[in-house]
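**Q** Based on these hints, arrange chain B on the given structure of chain A.
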Amino acid sequence: MTNFLQETDSQSWSERGLSFSSSDATSDIEGQSDTFRLRGESNPVKQARKIIPQIENADVAKQVKRLLSFIDKIVNIAEQKEVDLSHIPSLHAHVEEDGSVLLEWVFPDFRIGFNIESDPDYSGWHLVSNKKLGDITASGQLANIAEITILLVDFILSNI
Amino acid sequence: MNPSLLLEDDILSLGAFDFRKGDRKDDWTEASINWMDDTYAIDFTFKQTKRSGELKYGVGIAIIPRSELDRIKKNYKFIGYFDYERAKIEGNDYHGNLLLKDKISKYKRDVIRNLLVFAAKIVKRGDNSKSRQQSLKRKS
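The listed protein sequences correspond, in order, to chains A and B. Heads up: the first sequence begins at 0 in numbering that gives the first Met the number 0, then just goes up one per residue. Heads up: the second sequence begins at 0 in numbering that gives the first Met the number 0, then just goes up one per residue.
These are computed hints drawn from the structure, not numbers from a lab. Don't be surprised by glycine CBs; every beta carbon is placed ideally from N, CA and C. Incorrect hints may appear among the rest.
As the list claims (entries may be wrong) - Straight line, CA to CA, 25 Å or less: simulated DSS-like cross-link-like pairs of lysine-lysine:
| hint | chain 1 | residue 1 | chain 2 | residue 2 |
| --- | --- | --- | --- | --- |
| 1 | B | K107 | B | K49 |
| 2 | A | K49 | A | K64 |
| 3 | A | K130 | B | K107 |
| 4 | B | K73 | A | K131 |
| 5 | B | K120 | A | K131 |
Said to hold, decoys possible - Okay, the calculated bits of chain A under chain B, using three or more residues with CB under 8 Å as the criterion:
| hint | stretch |
| --- | --- |
| 6 | 61-74 |
| 7 | 97-103 |
| 8 | 129-139 |
So that you can see chain A by itself, here it is in the shape it has in the complex (with noise of 0.2 Å):
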């Protein structure tokens, strides 16, 4: 079983000869959070973005938008640094029974997912692999969505 952080203290990743930083991924994105750039269909983050209008939780629709945005705006770093992003699929989303927002990324050897809750506490993450990539079973609270996202990004990034 391969053990996974979920907290860590670095502030940036370098993988594949990229490296992003929590301060790259929030300066452009706090207050921009309900305007998102267009890109073309290779965007992963443009179907999950989808049901935002279905969103009743305004709390809930807030940090989908948030994450989304962050997760918008690494991918597009590594655009910049023309990482061949073509493997990457769509991320799901879907608006549950309680008003509760999973996302869901598949991958062939894992898979990436977070769970939007109307009390921010309460929304989380996780990743989870298959043998190939040695079991992972990680999982947290997405207190820092920044870090969390750069993380998983990079792990996709890494493994894809």
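**A** Chain B only, in chain A's frame:
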């Protein structure tokens, strides 16, 4: 499973494992299953209908080896959070439940649901019995 539980062809959503409190008086939630005690259990499950007469599993079913359930149950991170039971009901001797503690955090719940999805083999309605048997052999 219904169509919305397939994110894409052969990619199962976590929603396929829908744990609910139901009528339980204990501290578990449950997701209904049928135990595959014999090969007829598959055909029986495919034939199950809702009160409305509509097929209960319109698109297909997911089969999980018991060994995978035990692997989750014995994972040190989930000891005491996940279990299973037999629970025969009228007209269905195969019936049982997957169990999840009702106080578990949603993100930990979703890790367990992902492990179930990883372990599941999807059998779609319309797969003929020969290819179904081959598929099950490959899985085991």
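**Q** Run through the hints listed earlier and report the numbers of any the structure violates, in increasing order.
**A** Violated hints: 1 and 6; rest satisfied.
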